[in-house]
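Protein chains in written order, with our numbering: chain U, 17 to 396; chain F, 17 to 396; chain C, 17 to 396; chain Z, 17 to 396.
I should point out that these hints are in silico values taken from the structure, not numbers from a laboratory.
Predicted, not measured: the structure shown is a model, and the values here were computed from it.
Careful, some of the hints might be misleading.
Copies of one chain are not kept apart here, so a pair can be met inside one copy or by any two copies together.
Said to hold, decoys possible - With a straight-line cut-off of 27 angstroms between C-alpha atoms, the simulated DSS-like cross-links for lysine-lysine are:
| hint | residue 1 | residue 2 |
| --- | --- | --- |
| 1 | LYS219 | LYS283 |
| 2 | LYS74 | LYS283 |
| 3 | LYS283 | LYS123 |
| 4 | LYS283 | LYS225 |
| 5 | LYS84 | LYS67 |
| 6 | LYS67 | LYS216 |
4 protein chains.
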Amino acid sequence: MLGNTFGRMFRITTVGESYGIGEGSGLSVIVDGVPPGLKLSDDLIQEELDKRRPGVGKLNSPRKETDKCHIFAGMGQDGVTTGAPVGIIIYNVDTQKIHVDQYRQYKDLCRPGHATYGFYKKYGEAQDWCGAGRASGRETVGRVAGGAIAKQILALEGIELIAFTVQCMDIIAKEMTFEEALENYRKNEINCPDMETAEKMEKRVLEIKDEGETAGGVIELRIKGVPAGLGEPVFDKLSALLGHALLSIGAVKGIEFGAGFKVANMKGSENNDEFADKNGRIGFKTNNSGGLLGGISTGDEIVMRLAIKPTPTVSVRQDSVNMQTMQIEELNPITRRDPTLLGRIYAVAEAMAAITIVDALMMARGYDNVCRTENRWREI
Amino acid sequence: MLGNTFGRMFRITTVGESYGIGEGSGLSVIVDGVPPGLKLSDDLIQEELDKRRPGVGKLNSPRKETDKCHIFAGMGQDGVTTGAPVGIIIYNVDTQKIHVDQYRQYKDLCRPGHATYGFYKKYGEAQDWCGAGRASGRETVGRVAGGAIAKQILALEGIELIAFTVQCMDIIAKEMTFEEALENYRKNEINCPDMETAEKMEKRVLEIKDEGETAGGVIELRIKGVPAGLGEPVFDKLSALLGHALLSIGAVKGIEFGAGFKVANMKGSENNDEFADKNGRIGFKTNNSGGLLGGISTGDEIVMRLAIKPTPTVSVRQDSVNMQTMQIEELNPITRRDPTLLGRIYAVAEAMAAITIVDALMMARGYDNVCRTENRWREI
Amino acid sequence: MLGNTFGRMFRITTVGESYGIGEGSGLSVIVDGVPPGLKLSDDLIQEELDKRRPGVGKLNSPRKETDKCHIFAGMGQDGVTTGAPVGIIIYNVDTQKIHVDQYRQYKDLCRPGHATYGFYKKYGEAQDWCGAGRASGRETVGRVAGGAIAKQILALEGIELIAFTVQCMDIIAKEMTFEEALENYRKNEINCPDMETAEKMEKRVLEIKDEGETAGGVIELRIKGVPAGLGEPVFDKLSALLGHALLSIGAVKGIEFGAGFKVANMKGSENNDEFADKNGRIGFKTNNSGGLLGGISTGDEIVMRLAIKPTPTVSVRQDSVNMQTMQIEELNPITRRDPTLLGRIYAVAEAMAAITIVDALMMARGYDNVCRTENRWREI
Amino acid sequence: MLGNTFGRMFRITTVGESYGIGEGSGLSVIVDGVPPGLKLSDDLIQEELDKRRPGVGKLNSPRKETDKCHIFAGMGQDGVTTGAPVGIIIYNVDTQKIHVDQYRQYKDLCRPGHATYGFYKKYGEAQDWCGAGRASGRETVGRVAGGAIAKQILALEGIELIAFTVQCMDIIAKEMTFEEALENYRKNEINCPDMETAEKMEKRVLEIKDEGETAGGVIELRIKGVPAGLGEPVFDKLSALLGHALLSIGAVKGIEFGAGFKVANMKGSENNDEFADKNGRIGFKTNNSGGLLGGISTGDEIVMRLAIKPTPTVSVRQDSVNMQTMQIEELNPITRRDPTLLGRIYAVAEAMAAITIVDALMMARGYDNVCRTENRWREI
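So that you can see chain U by itself, here it is in the shape it has in the complex:
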């Protein structure tokens, strides 16, 4: 219950699950705070959704989720937004009765590493035992659809953002600049722009997959072009809001900014980023702060890393609990799964970060002064 809305001035509300009832079931997102006059189309949203689409490569689960989106509200007759909230719906297609029956069979068994047990304690027997309900990774399609609009706005503001894999198991990519990472962004299935390392990562994931296992990793998220002075002091620091946004992704077990946990072994003068003249503009010699000081943006790149846990669904016997009997019971291996989330989850991280930055911009400038399009007659 609740918790399905995110953002203050730019705000998404999501709903829906994979195994909804009836023909027209689906997932939907309402995006409030979209400025009037913005060009939007189903295709533009679809492009982002396709980033997190499973079933297309060797590293992904064999499910087919076509995730075709449709903007059903908020567009004017002339192909631009009106200032009304935008509604997007993605209908379910892969919801055969056979799957529901499979889930029903095991509904009293709580899988290790999944949210099921907590959900039963929270919602009781009525909780959605089919396909993980709102705890399913598929819940994130609404976020990605909303993030697609946020990215449109950021582009008009000159702000770019990308997320990519920097670690998979014990294999670590080399450090890259924003431009280097951008060059090879989404060039391979694991989305690691260090092409050589990517190959090793993919090989490692396939080995692990063959063991019936899954692999963890680290995603890096970079945001370029954020003006200095963004965020609120005290409780709504930009770092706190980004943390809230990104830790709301189920598989994220940690987040760090700039030097992150390395600051633990740094002295003050090592960690402080000294000011420097950057071609006539004020900048910094280093970026240990990750572009955020006192939670407020410094104007430098915002850099974050996210710890991504291995998919909890594995083909290995595990001790589960049976809610009916409250006894420990062995759970049989499950075969349909993603061997790693790294090649898909970056799209969700990008979406949440994009929404957070647009929201912060609107808090500062008002929604009418972010991405102000050519639009006569406005006075406010």
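Assemble chains F, C and Z onto chain U, guided by the hints.
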């Protein structure tokens, strides 16, 4: 932008307009905070939606809005809610191209009594000039769908609520108890339970309709069974929240509680409701407070009256402004309209009041202790 | 609990009661969202607080509340705000032990017309039975202090607002323009700018006071200079927010906008405000809408009227309930009271309206674009 | 601006800075959502405040902040809370004119590692250049005072929480159970319950201090007794809210839950916590999840680690920027500082976590069903 979400613990978010783009356009509502284990169905929602449906009687506009609703998310496999947000969509059907073209023709002319001028100043040229967009009365279908769920919850809590017409132009109904009003609730098109007066009201509306005019009136809203002690002191008094909820309906130009504006000519001891023994329970001799003191419920009936303005669309020549030229220009009479809103708007008032009361109950008790259904394994 | 915060971008949080414990007890307000660079001083806040100060005239209670305020946070070294929240505290002085003992004596008796009964049902025996706690009229000093800052901001934006008495019992003031009302604003104790009628009203109040009774009335609130296009459609209409703000004042039992309840007996074309050329600017022939259409500002004056109930404390025997015995019990007359709230409550109404308008402006423009003062180095 | 309020049902709003103007300047917190009937006293709050008090040991800065708190509102005559918001004020004492003059001298120089530059870009020249204003560590006294109340409530709910140092520079404490950590909690200045390692850490900090430098580290936070099922799915996962709360502390540059960043190199079955029978109750074999799955509590201990950066104030020459000239300029060493934040910041982390857990409990159960005290007459 924004403002499309209402409620704190029980919360609706609405989206959509009558003349959306494409085949699948429609209006939708996401209801967050629905307890797990609640029985819901399309039919149950539909029943409420039908209350505000136009096009069925002599007092209504000839538009055909079938308003068929569909729950597309939030239901479990067993026909009860899961605790996830509930998503409802109502597809548009009466959106022929011919109407869009008519609206386009007059899009630069701001109609007196409508929100158009303010919308142009707020959103500029990109605002939705077609069918009034989010300022259309049709926006309220999402509210009514959400209110249908709230009413289900109230019923389980033993709380009843009805709204009905007590004044239409200069014709005023006699005072009625809750039970008297309930007996003849929705027995006539103008929804006035004083059957004789209703007849006079309907006759008056038809005369006014024939003049090309529209009629105002007053709606009374009664809520029975609210426990004493509900609402928060200071800014979120139950009266303030009900005021917020009901004044968010476009045509409502005033609200009063209990004796309302009559208190202006009352002395303290006349207005104070003395305590009384009511069959062994604490009650009150009178109910001038309308069931709310210091904004907190007293346990007596909550009584409110709403001033409903006449539909602004009239078949009379009026001075408008042309946004292109910024010149005053005559607006031709418009023929398709509701001669009065009284026979439909009560459904919206009921919905908003129901949502507000459920929200206040959940604030006090937590969502898990409102309408707690049989639902094993819950601990929270 | 909760409900002590109001506003989204410009936000006040209040705390405190008249009979707090210990030497340093008092009432306080934290005002968040104050732009940097605004000139503020204790004196400026005090000026507003003095408007609602009791104990100075024949129409007021003999209590002495000096209400001296002190800004204790949020000011920079140079006498202007810094952008940090502003903290204001008003220490209690008139809290002699004798009063506490008097209140203790009657703490189980719920006075008719007061919030006590609901508070006991909500908070139980632990509720603040001394001086009405947070349900006391004195709670409003924090609002007025916060409103004083809002008014400073409105003044810089060219927006003026005043509230004044238009009815007291059966005596009704003549209609006045904003300028006429402003000319005699606060020229008499009852704050009715129709000077002749004011005299009659005051005479009537004194008669009623002699009977041991109190008098109700109506306050009118006018806001001039609000730009067209302010407010959000749907749930956060400017009318809904103003309604929320003003109905959160304990004694307000009704609110109406423009023609208000008179719309009930108006035809569409009578109620619609036709557009008109006003010295080369777009305006309206009439202002039945009260400056708000579809809840969005039209650019015309915002006009509201509030029904103010008579002070519930009267010197007349009334039936009360004793919480210990749950029996009906006679309550003795109480002598210390305001014979009417009209001469003080307008200050609270002005404060709440001012806060609401500033908040709406900041939602539209962002806090950085409202009352943007000379302030170098800002980029956001 | 804004961002000074945290929490939904249990909510703190803070205000104030170290170098406020005038005699009565100070820091304050308003705590809304405190249940009626809770015993509170200045002493109880003071105990928590003393945890973060500087100036008492060799590892702390020589500033004297006595931080004497005073509850000025929200208490009833009988020594328990009334359900009204609680107001606490902490007056400034160490605000001699000499310090203000020192700060004024360097006000245009932005110190590396501090929030100053971002604040100037956000608030402009009017920002509080004295003692870091709201970006000062001293801002956290309001949080700790509010947290003291939250801890009282948690104690009544059987929930315990502690934070302690597990790493300082390259020195890492051994792993400890909750009970082991509790036994030596706050037994040394660096607050590391591994007593031997603590000695080494303190020695290391003193060496670093002698170099004019400061030291980073890692804090671990453990919460015991949280029931399974707490938190909301999707955006308001308990992990996301805890992340928001803890990343709002200025010096925190990273947070991880359970296995945290170690999950990057874990296979699914290694990371999954299998269910186990724990003396007849359902539990887990391991706690890699840190007590949170899908963001919902599992009933196991909640375990978090926070990366704490070294104090940015160092006695080493650094390149700064002068806002007046926008030129790079050398900043002279500063002598007054904390050589590490580890011995103080844990109190702030505990406070924020305690507030978050109480807030989540109240969301689930309503404020009236958390720590429900003996309190007659309540119905809601």
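Outcome of the hint check:
Within a single copy, LYS219 and LYS283 get their C-alpha atoms only as close as 39 angstroms, which misses the 27 angstroms cut-off; across copies the closest is 15 angstroms, which meets it. Within a single copy, LYS74 and LYS283 get their C-alpha atoms only as close as 45 angstroms, which misses the 27 angstroms cut-off; across copies the closest is 18 angstroms, which meets it. Proximity of LYS283 and LYS123 under a CA criterion of 27 angstroms is satisfied inter-copy only: 25 angstroms between copies versus 52 angstroms inside one chain copy. Proximity of LYS283 and LYS225 under a CA criterion of 27 angstroms is satisfied inter-copy only: 10 angstroms between copies versus 42 angstroms inside one chain copy.
Proximity of LYS84 to LYS67 under the C-alpha cut-off of 27 angstroms is restricted to the intra-copy arrangement: shortest distance 12 angstroms within a copy versus 34 angstroms between copies. Taking the shortest Cα distances, LYS67 and LYS216 sit within 27 angstroms of each other inside one copy (22 angstroms), while across copies they are farther apart (49 angstroms).
Going through the hint list in order, the structure satisfies each hint without exception.
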